[in-house]
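Novice: The primary structure of each chain is shown beneath.
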Amino acid sequence: MKVFKIILAALLVILALVITASALTTRGTLPTLLERMDPENLAAQDAAMQKAKDRVTTALAENNPERAQRSLDRYINGFSAQLTLSGRVGYDLFFFRNGPSMLALALFLVVAAAGLIAHALDRSGRVRKLVLPAILITVLYVGVYIVENIAGANSMLMTVLKKGAIYALLAVSMNLLNGFTGLFSLGQAGFMLIGAYTYAIFSIETQSRAQVYQYYAGGIIQFQLPALVSIALAGLAAALFAFLIGWPVLRLKSDYLAIATLGFAEIIRAIFQYDGLGPLTNGSNLLRKFTVFDTALFPFAVAGVCIALIALLIHSTYGRSFKAIRDDEVAAEAMGINLYAHKQMAFVISSFFAGVGGALLAMYQTTVQAAAFTSAMTYEILLIVVIGGMGSISGSVIASFLFVAASEWWLRFLDNETMLGSFRVPLLRSGFRMVVFSVVIMAVVLFYRKGIMGDRELSLGRFRRRLSHRRKGGAQDG
Amino acid sequence: MTEFISANLPYLLAGISVGGQYALIAIGYTMVYGILRLINFAHGDIFTVAAYCMVYMNATMPLYISLPLTIVFTVALGLAVERVAYKPLRDAPRMSIMISAIGVSYLLQNLMWYVTGGLAQQYPTIPWISSTISIYTATTKMVTLVTPVLTLVLVVLLVQLIKHTKIGMAMRAVSRDFETSRLMGIKINGVISVTFAIGSFLAAVGSMLYFSNYTAVTPTAGAMPGLKAFVAAVFGGIGSIPGAVIGAFIIGIAENIIKALGWTAFSDAFTFALLIVILIFKPTGLFGEAVHEKV
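For the record, the sequence lines run as chains A and B.
Just so you know, the first sequence maps onto residues 118 to 595 in the working numbering.
Just so you know, the second sequence maps onto residues 304 to 598 in the working numbering.
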């Protein structure tokens with residue numbers, strides 16, 4: 118078995134090398150190949166083959182099988198040379214066109230091979246557990262990359278994937294607070310706003326600032342930071358703000374906390390639109406011309422890293438304390454958990470990631486305006502968390518993609534007036550999509566209160582156990 | 304002095320008027336909270352639906368029919384929301400009911416957007432209360448004077464209802480202790496329905512007064528007054544009707560003073576700042592009762 122795995126891994130690596138070589142060399146070989154496909158060249162070949170064919174006919178007429186055979190061989194050789202040539206050109210063109218996707222595929226094959234080798238050599242079983250998740254994650258990223266190259270960056274599918282990844286981060290960060298720590302906070306939109314604005318302010322191109330801040334003499338900041346630095350700053354700004362307001366707010370109980378955080382979000386919105394801060398925030402005008410991402414891999418990478426960090430946090434001792442606070446505050450305090458410190462921590466960390474999510478959202482939209490960050494935005498993300506399941510990271514991620522896909526794509530047809538023959542389908546017109554959508558959400562909230570995942574996680578282990586259990590059950594039945 | 308008064312009287316009048324309108328909405332919040340411990344996030348949207356009702360009904364019917372019909376429809380909507388979205392979750396955690404309320408608010412807003420096409424509608428002029436009058440130096444609408452008077456009359460009637468009738472006694476009992484009053488044979492669902500009916504009725508009246516002043520009706524027009532009314536309810540001590548009324552007047556007047564000072568952009572933010580300050584220093588509000596947590 119071990120040998121077999123290693124051989125398979127070697128084959129995968131060879132395949133990956135071939136793909137990489139093809140992808141890298143096509144740019145060089147294509148011109149020569151195309152030269153060989155010149156009309157003149159082809160015409161000469163065609164003429165030669167025509168001659169060979171004629172010879173075959175004459176030889177048959179002369180009843181000379183040997184000569185006929187020889188000419189026929191020549192004819193077939195020429196034919197297959199042409200086929201090979203067009204095949205080569207097709208192959209090279211394919212690699213030329215899909216070069217980046219093919220490199221990504223090669224990368225995936227190498228990862229798979231590494232996984233196979235690790236699987237074969239690892240005795241402790243520790244690495245073994247990481248192999249499948251690692252492969253699945255590579256498949257996800259490689260898949261996104263390939264789909265983007267095939268479907269085009271502006272297709273509906275890519276829009277859904279980009280926005281879905283950003284919403285996934287926002288939903289998971291809100292879930293950390295509402296689902297894992299039991300703090301019913303409705304300040305998400307406020308922290309997103311801080312993140313989006315911090316990002317935008319620091320990453321507007323220096324030469325465009327005069328144009329963007331036209332009413333405020335070019336603004337007061339006259340430099341541009343790299344995108345990743347600005348994103349980190351966006352998170353830190355949101356976290357700092359959360360730290361400051363956490364002191365008064367986190368002492369409040371459930372619904373008071375909800376309404377106070379909602380209030381803070383509204384205050385932030387008013388402050389950012391305040392004319393006096395115009396040189397920094399551009400008043401109530403929009404901010405634009407900042408760095409945006411051009412590939413869906415960027416939001417996927419940033420959101421992926423952030424969600425992984427949140428998952429690690431939740432599985433640490435801090436995470437267990439959060440859950441203890443959620444389940445019973447009084448008991449948690451009696452167990453020696455510092456309520457305020459842990460609540461503050463959850464609040465600050467959640468806000469940090471909400472800020473990062475806000476920055477990504479700004480990049481996705483390419484413009485930001487404070488007026489858009491209303492409480493409706495918070496409600497939307499809260500509903501995603503509920504649909505996915507309070508206290509489930511994977512649930513939030515799945516629900517985000519479903520929510521975005523349904524609202525942006527799958528239910529679009531409900532907004533268009535449709536004729537079936539001469540029959541006008543009733544109800545279908547602009548706005549109907551959101552009505553259907555909110556009815557579905559209400560149905561989930563009322564009848565399917567646990568959401569998609571409840572408080573469980575998507576787990577390969579459980580999936581495998583269930584499969585083997587089912588198989589065993591089947592055997593007993595037989 | 305005369306100059307000072309003539310400069311600020313319009314703002315004061317507007318403050319008292321809008322305060323009365325907030326009070327009518329705030330009572331709905333505070334009564335529901337008192338009984339169900341639920342922030343009814345959909346209340347602001349019910350307020351907006353009442354306005355749309357009036358717009359559409361007034362287009363086809365005379366005022367003396369459309370006015371009562373609007374009130375009936377709003378009350379029916381309030382009851383329906385309670386029955387469909389809150390009743391099934393009676394024994395669920397409080398967070399679930401609050402989320403359901405947010406879901407209803409989302410649904411109502413989207414529904415209004417669908418029906419109206421998202422365009423702002425002009426609220427019909429109601430004769431007499433929409434007419435302009437001038438008081439001292441300020442010119443204003445009759446509604447500015449009518450609102451505080453009508454609000455006080457309705458509140459006095461409501462307090463009488465709660466103090467001296469059987470259903471009022473039941474409401475007081477339920478808000479004191481939900482479980483025990485259930486054991487005592489009070490029909491909880493009936494009491495809750497009456498609460499929602501009263502809240503919706505007052506929201507409908509409030510919407511008529513509010514939109515006679517601010518005549519553009521949009522699907523989200525009720526969100527801000529709704530939130531502010533809620534702040535007023537918290538400010539006065541949630542669960543307490545006089546508290547909600549006083550809180551609403553304070554917020555209405557303070558908001559307009561801020562506008563008079565030229566800080567219009569911060570008039571909304573001020574309301575929430577006030578809320579946060581009161582929550583820090585007196586979490587139960589002006590007239591609220593302290594709740595002790597039992598282990």
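If you are wondering where the hints come from, they were derived from the structure by calculation, not from laboratory data.
Note that the Cβ used here is the ideal one computed from N, Cα and C, for glycine as well.
Hints may contain errors.
[Claimed, not checked] Here are the simulated DSS-like pairs of lysine-lysine, each with C-alpha atoms no more than 30 Å apart in a straight line:
hint, chain 1, residue 1, chain 2, residue 2
1, A, K370, B, K444
2, A, K370, A, K567
3, B, K390, A, K440
4, A, K122, B, K490
5, A, K370, A, K246
6, A, K440, B, K585
7, A, K567, B, K390
8, A, K119, A, K406
9, B, K469, B, K490
[Unchecked claim] To give an idea of the interface, some chain B residues facing chain A are shown, with a C-beta separation under 8 Å as derived from the structure:
hint, residue
10, L312
11, A395
12, R397
[As the list claims (entries may be wrong)] Covered by chain B, according to a simulated footprint, are these stretches of chain A (three or more residues, beta-carbon under 8 Å):
hint, stretch
13, 421-428
14, 545-551
Novice: Measure nothing beyond the straight line between the CA atoms of B/K469 and B/K490; if it is 30 Å or shorter, mark the hint as holding.
Specialist: Measuring from Cα to Cα gives roughly 12 Å; hence the hint holds.
Novice: Let's test the interface hint: is any C-beta of chain A closer than 8 Å to that of B/L312?
Specialist: 26 Å, violated
Novice: Answer holds if the nearest beta-carbon of chain A is closer than 8 Å to that of B/R397; otherwise answer violated.
Specialist: 6 Å, holds
Novice: Does the stretch 545-551 of chain A contain three or more residues whose Cβ lies closer than 8 Å to a Cβ of chain B?
Specialist: Since 5 is at least three, the answer is holds.
Novice: Would you mind confirming whether the straight-line C-alpha gap from A/K119 to A/K406 stays at or under 30 Å?
Specialist: Outside the cut-off at roughly 56 Å; violated.
Novice: CA of A/K370 to CA of B/K444, is that 30 Å or under?
Specialist: The given pair, whose Cα atoms are some 42 Å apart, is violated under the 30 Å limit.
Novice: Using the nearest Cβ pair, does B/A395 come within less than 8 Å of chain A?
Specialist: 7 Å, holds
Novice: Going straight from one Cα to the other, do A/K122 and B/K490 come out at no more than 30 Å?
Specialist: Violated, at about 71 Å.
Novice: Does the structure keep A/K567 and B/K390 at a Cα separation of 30 Å or less?
Specialist: 18 Å, holds
Novice: Please verify whether A/K370 and A/K246 have alpha carbons no more than 30 Å apart.
Specialist: With a Cα-Cα distance of about 42 Å, the restraint between A/K370 and A/K246 is violated, given a limit of 30 Å.
Novice: Is the coverage entry for the stretch 421-428 of chain A by chain B consistent with the three-residue Cβ rule at 8 Å?
Specialist: Check failed, 0 qualifying residues.
Novice: Given the hint that B/K390 pairs with A/K440, test it: the Cα-Cα distance must not exceed 30 Å.
Specialist: With Cα atoms ~28 Å apart, B/K390 and A/K440 stay inside 30 Å; holds.
Checked against the numbered hints listed earlier, the structure breaks hints 1, 4, 5, 8, 10 and 13; every other hint is satisfied.
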